[in-house]
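Q: For reference, the chains in residue letters:
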Amino acid sequence: MSPRFLVPLGVFVLLVIVLIVGLNHSREVGVLQSPLVGHEIPDWELPMLTDPAKSLGSRELKGQWYVLNFWGTWCYACRAEHNTLLQAQHDARVQIIGVDWKDENSADALDWLSRLGNPYTQVVTDKAGNTAIDLGVAAAPESFLVNPQGVIVYKEPGVITPQSWQHEFLARLPPQSSVPATTAGGS
Amino acid sequence: MRAIAAGPLLLFMLLALTPTRMAWAVDPATLSDPVLQARYEVLIHELRCVQCENNSLADSDASIAADLRHQIRDMLAAGKSNQQIKDYLVSRYSEFILFQPAYSWRNAWLWGLPMLLLMLGVGIAVRVIRQRTKMVDNEDDADVIES
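Sequence order for the protein chains is E and V.
Take the first sequence: its position 20, counting from 1, is numbered 20 in the numbering used here, and each next residue is one higher.
The numbering used here runs 1000 ahead of the 1-based position in the second sequence.
Bound conformation, chain E alone:
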């Protein structure tokens, strides 16, 4: 009688342990791991913000490390991220490409960059949002770190902080890049 009496208690304790571990170690609810990480970035080509007649795409950027950062002037969290990006642009190992996502008016985006500073080496626009869907973007800001082979090595599903820039982006770059961002763009 007495050992069997302990069975429900044991099950209960086990359940509590499982739930505590689950709560503390599971990823934040709502943060999705992109299935594209570890795979080649889907081909994208978008018009430039300053000159929509020109375009930039994944093919031109092959051979270089780059961060593709989705933002918009309507996006409150992007404002919070902006200062981090302004600091981050000083690392010559990687260039930051901005995608002005779902801004109806390019003048708003240009105004934002002239007022707050421009952390991007290039800015392209995705007004219809097709490229964002093709890259699995759910909400701005979102950023992809792409290696010279065109493979997405990391996706930041939210605001880049100085800590995440250090530990998730810079830590994945080679210590001494042979292709500095400033001289890139040869092909």
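Hints may contain errors.
Going by beta-carbon spacing under 10 Å, a handful of chain V positions derived as facing chain E [stated by the list, open to error]: (1) MET1013; (2) VAL1050; (3) LEU1089.
Computed spacing ranges between beta-carbons, pair by pair [unchecked claim]: (4) E:THR50 - V:LEU1113: 42 to 48 Å; (5) E:HIS39 - V:ASN1107: 17 to 23 Å; (6) V:LEU1113 - E:GLY117: 22 to 28 Å; (7) E:THR50 - V:GLY1079: 43 to 49 Å; (8) V:LEU1113 - E:PRO8: 15 to 21 Å; (9) V:GLY1079 - E:LYS127: 43 to 49 Å; (10) V:ALA1077 - E:PRO8: 57 to 63 Å; (11) E:PRO148 - V:LEU1113: 39 to 45 Å; (12) E:PRO174 - V:THR1030: 32 to 38 Å; (13) E:HIS39 - V:PRO1101: 19 to 25 Å; (14) V:THR1030 - E:ALA171: 18 to 24 Å.
In short, the hints are calculated from the structure, not lab data.
Note that the structure is predicted; figures quoted are calculated from it, not measured.
We put the beta carbon where it would ideally sit given N, CA and C, even for glycine.
On the provided structure of chain E, position chain V as indicated by the hints.
A: Using the frame of chain E, we list chain V on its own:
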């Protein structure tokens, strides 16, 4: 007199309690082909809004949900099958976008566990009932006076 008034009132109350799916539609855009439109309606109810997680694409007025609906309409018009559309969205947003997870080995525990637990529960119930009936039988045999 009372009976006459109760009829329309009851009808009104019944109607008020009937929330139709169409009443929740946030997107007036339609496809010209009614067959495609029907498939579209089904698809947007089976897919989750990636931003406002517990809404379907049909229920959400988030900008990304509108874009995803637009994408689905384009793909339907381009002749893609429902499965192709779902596969595409899963390849971009992970299986999270599906309200009903796929029947895959990866999800075997998800689909199998409830059945296992049910079988375990039934097994325990059967054992307990058998033991109890045995105990009652023994009592009956040993002590006739009590009952």
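Q: For every hint, state whether the structure bears it out.
A: Results of checking the hints against the structure:
no.	hint	in the structure
1	MET1013	39 Å, violated
2	VAL1050	4 Å, holds
3	LEU1089	8 Å, holds
4	E:THR50 - V:LEU1113: 42 to 48 Å	55 Å, violated
5	E:HIS39 - V:ASN1107: 17 to 23 Å	21 Å, holds
6	V:LEU1113 - E:GLY117: 22 to 28 Å	53 Å, violated
7	E:THR50 - V:GLY1079: 43 to 49 Å	37 Å, violated
8	V:LEU1113 - E:PRO8: 15 to 21 Å	20 Å, holds
9	V:GLY1079 - E:LYS127: 43 to 49 Å	26 Å, violated
10	V:ALA1077 - E:PRO8: 57 to 63 Å	58 Å, holds
11	E:PRO148 - V:LEU1113: 39 to 45 Å	44 Å, holds
12	E:PRO174 - V:THR1030: 32 to 38 Å	52 Å, violated
13	E:HIS39 - V:PRO1101: 19 to 25 Å	21 Å, holds
14	V:THR1030 - E:ALA171: 18 to 24 Å	49 Å, violated
Comparing the model with each numbered hint stated earlier shows that hints 1, 4, 6, 7, 9, 12 and 14 do not hold.
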